[in-house]
Amino acid sequence: MKDFFRWTQIRNCRKFYKRCYTTRYPVDSLLLGQLEVFGFLEIQSFSKYSSQALDLFKIKFEEEVEISGTIGFTQIQMSISRSYPEMVQKFEKTLRNWSLEK
Amino acid sequence: MNQTMSTQLLRGAYLPQRHAYVAEQEPAVLHCHHYNCYLQAVLLDTRDYLPRVEQLLIDSAQEVAYAQFKNYFDTHAHLGELDKMQVIEDYFRFAGFGKISLANTNELGGTIESTSDHYGLGWKYKFGPSKQPVSYFTCGFLTGALEAIHGLKCGMLSGHQTSCLAMGDPFSRFVINISPTHRTLAPSPQEGAYQTYQLHPPQDIPVDYLGIIEALTHMPLEGQEQSGLIEAFDVMLTRHYANYYCNISYGFLEEFRNEVGAENHTIAIELLTEAGHVCAFNTFGGIMQSSEWNALIRPSLKTPEDWVHGMVAAVNAFGWGFWEIVELLPNEKLVVKIHSGYEANAYLKKFGSSNVPISFLATGGVTGLMNLIYTLNLPERTPLSLDEEVYKQIHLTPQMFVGRQVHCRAMGDTYDLIEVVKR
Numbered sequence: 001m002k003d004f005f006r007w008t009q010i011r012n013c014r015k016f017y018k019r020c021y022t023t024r025y026p027v028d029s030l031l032l033g034q035l036e037v038f039g040f041l042e043i044q045s046f047s048k049y050s051s052q053a054l055d056l057f058k059i060k061f062e063e064e065v066e067i068s069g070t071i072g073f074t075q076i077q078m079s080i081s082r083s084y085p086e087m088v089q090k091f092e093k094t095l096r097n098w099s100l101e102k
Numbered sequence: 001m002n003q004t005m006s007t008q009l010l011r012g013a014y015l016p017q018r019h020a021y022v023a024e025q026e027p028a029v030l031h032c033h034h035y036n037c038y039l040q041a042v043l044l045d046t047r048d049y050l051p052r053v054e055q056l057l058i059d060s061a062q063e064v065a066y067a068q069f070k071n072y073f074d075t076h077a078h079l080g081e082l083d084k085m086q087v088i089e090d091y092f093r094f095a096g097f098g099k100i101s102l103a104n105t106n107e108l109g110g111t112i113e114s115t116s117d118h119y120g121l122g123w124k125y126k127f128g129p130s131k132q133p134v135s136y137f138t139c140g141f142l143t144g145a146l147e148a149i150h151g152l153k154c155g156m157l158s159g160h161q162t163s164c165l166a167m168g169d170p171f172s173r174f175v176i177n178i179s180p181t182h183r184t185l186a187p188s189p190q191e192g193a194y195q196t197y198q199l200h201p202p203q204d205i206p207v208d209y210l211g212i213i214e215a216l217t218h219m220p221l222e223g224q225e226q227s228g229l230i231e232a233f234d235v236m237l238t239r240h241y242a243n244y245y246c247n248i249s250y251g252f253l254e255e256f257r258n259e260v261g262a263e264n265h266t267i268a269i270e271l272l273t274e275a276g277h278v279c280a281f282n283t284f285g286g287i288m289q290s291s292e293w294n295a296l297i298r299p300s301l302k303t304p305e306d307w308v309h310g311m312v313a314a315v316n317a318f319g320w321g322f323w324e325i326v327e328l329l330p331n332e333k334l335v336v337k338i339h340s341g342y343e344a345n346a347y348l349k350k351f352g353s354s355n356v357p358i359s360f361l362a363t364g365g366v367t368g369l370m371n372l373i374y375t376l377n378l379p380e381r382t383p384l385s386l387d388e389e390v391y392k393q394i395h396l397t398p399q400m401f402v403g404r405q406v407h408c409r410a411m412g413d414t415y416d417l418i419e420v421v422k423r
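Chains as they are written, first to last, in the numbering used here: chain A, 1 to 102; chain B, 1 to 423.
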């Protein structure tokens, strides 16, 4: 797994796993498609306001899951309820499979 | 949302010529649960010798909520009682304060329960469980809002909290009654002595100030339907009342001077400035590690100085006024000029002039920014969990940055000027 991504805990939180993942490749539409199984995808088009900016994505499911990051960048923030540790495993599996497909 | 409701939303437009969000004459500023709860904790820590601080927290919220909703209902006279309740419930959610229902209230008061309250949850997240109720703001907000709905004078009702999410209760409960004593609360300073101004973005750096401000002021930052909370930038945000912060900060300073002695007021000033420093550590630190930052601002950043500029650019979208860097010497000095800062706006209108600088949040905030960038070296260390241990690292550094306010509008200057250097 370590070959495909690294992660750091970004907040101590009793309710959520909160981690920042650094991926092997910049986030692209292929990964977003695969992550959509975790919730509803929203894209903030910051690039329309500033030529230097990239676009933000967020995938949310109620108050249980939030996955966000920058399209074209190698960091993803993940917040998943501690009630669903299997979701964290599923998320990491998605990252691994996407890296293999690239 | 029904058709009637869609025509009566209270929001608050961003006014670019003032760098302010104004909702029915009440300026709103973006602040997170770290600052909200820490500032409150600072005041509560003094209650053994300043017994009025708890009532100050409630009354301050009551004054601003009353003023805002009274204005709104005066100009929307066709609204019925249920419509008015909906306006308030909706604004409470929109601003990120949580979820409430006013269904069990009338002109004599009532009982309100909330399963999602910014202060109750924010306090618990930040400090752990509390032994006492902590949602003073919510209590005052609800009391002032009920007075406005029913056309009562401000101060006729009084509220108290009987259970609290921060204590582990399943909901926060607020009980509001006719006030047993005659109380006259102060009017809100409303829009204050604001300035209009034009930002002068620096030309020789890669940070796109105007693009950043435009993007942030168009972000859909409002409380979620289910929880009424705004979770963004890795914090719980609020579109809070600028005048609430000013009421509690300057009210606290006045109490301190009266009870402890004017000669000791530097203690109170240091406490309020430290609250601003904590705000910067958590809010700026959270923002600079967020996905929003990575998408919007980070692609243009190359040096630590660019990070300072990036954060100052973002602050210009918080409703805190116009922030401009006058001087930035790498790892040495930062000077920030502020026009129409919300602290000075409110102070000048409510109290007139001051003989000491009063922009405590701004002073602590600018100082905190330098400590994040250079003392903690955040640009090189991100992602970093910003907890108490990391905060202590700042204070253990012999050459941490310290700030002072050099110019202050409340002292007669045309702008505020904050200077930060190593101690």
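No lab work stands behind these hints, which were simulated from the structure alone. In this text, a Cβ means the ideal position worked out from N, Cα and C, and glycines have one as well. Mixed in with the good hints, there may be bad ones.
[To be verified] Cβ-to-Cβ under 8 Å is the rule here; a few derived chain B residues that face chain A: (1) Ala77; (2) Gly80; (3) Asp208.
[As the list claims (entries may be wrong)] Simulated restraints on C-beta separations: (4) A/Glu101 to B/Gly80: 54 to 64 Å; (5) A/Arg6 to B/Ala41: 28 to 38 Å; (6) A/Phe61 to B/Ser101: 22 to 32 Å; (7) A/Arg6 to B/Pro51: 45 to 55 Å; (8) A/Arg82 to B/Met219: 46 to 56 Å; (9) A/Lys90 to B/Thr181: 55 to 65 Å.
[What the hints assert, rightly or not] Below, a sample of chain B positions facing chain A; criterion: calculated Cβ distance under 8 Å: (10) Gly151; (11) Gly155; (12) Gln203; (13) Asp234; (14) Leu271; (15) Ser291; (16) Asn294; (17) Pro299; (18) Thr303.
Outcome of the hint check:
Interface restraint check: B/Ala77 against chain A, minimum CB-CB distance 38 Å, threshold 8 Å, status violated. The interface hint given for B/Gly80 is violated, since its Cβ lies 33 Å from the closest Cβ of chain A, which is over the 8 Å cut-off. The closest approach between the C-beta of B/Asp208 and any C-beta of chain A is roughly 4 Å, which is under the 8 Å cut-off, so the hint is satisfied. Restraint check, A/Glu101 to B/Gly80: a C-beta distance of roughly 58 Å satisfies the suggested window 54 to 64 Å.
The hinted window of 28 to 38 Å between A/Arg6 and B/Ala41 holds, with their beta carbons roughly 36 Å apart. Between A/Phe61 and B/Ser101 the CB atoms are about 25 Å apart, so this pair conforms to the stated range of 22 to 32 Å. Distance hint check for A/Arg6 and B/Pro51: the Cβ-Cβ separation is about 52 Å, which falls inside the suggested range of 45 to 55 Å. At roughly 28 Å, the beta carbons of A/Arg82 and B/Met219 sit outside the given window of 46 to 56 Å.
Against the hinted window of 55 to 65 Å, the Cβ-Cβ separation of A/Lys90 and B/Thr181 comes to about 59 Å, which satisfies the hint. At its closest, the beta carbon of B/Gly151 sits 38 Å from a beta carbon of chain A; the interface hint therefore is violated under the 8 Å criterion. With 8 Å as the threshold, the beta carbon of B/Gly155 stays out of range of chain A, its nearest partner Cβ sitting at about 38 Å, so the hint is violated. Look at B/Gln203: its Cβ only gets to about 15 Å from chain A, farther than 8 Å, so that hint breaks.
The beta carbon of B/Asp234 comes within 7 Å of a beta carbon in chain A, closer than 8 Å, and the hint placing it at the interface holds. Because the beta carbon of B/Leu271 sits about 26 Å from the nearest beta carbon in chain A, more than 8 Å, this interface hint is broken. For the restraint placing B/Ser291 at the interface with chain A, the shortest Cβ-Cβ distance is roughly 4 Å, inside the 8 Å limit, so the hint holds. Because the beta carbon of B/Asn294 sits about 5 Å from the nearest beta carbon in chain A, less than 8 Å, this interface hint is met.
Annotation: B/Pro299 was flagged as interfacial toward chain A, and the flag holds, the nearest CB pair being 5 Å apart, inside 8 Å. Because the smallest distance between the Cβ of B/Thr303 and any Cβ of chain A comes to about 15 Å, over 8 Å, the interface hint for this residue is violated.
The structure fails to meet hints 1, 2, 8, 10, 11, 12, 14 and 18 from the earlier list, while all remaining hints are met.
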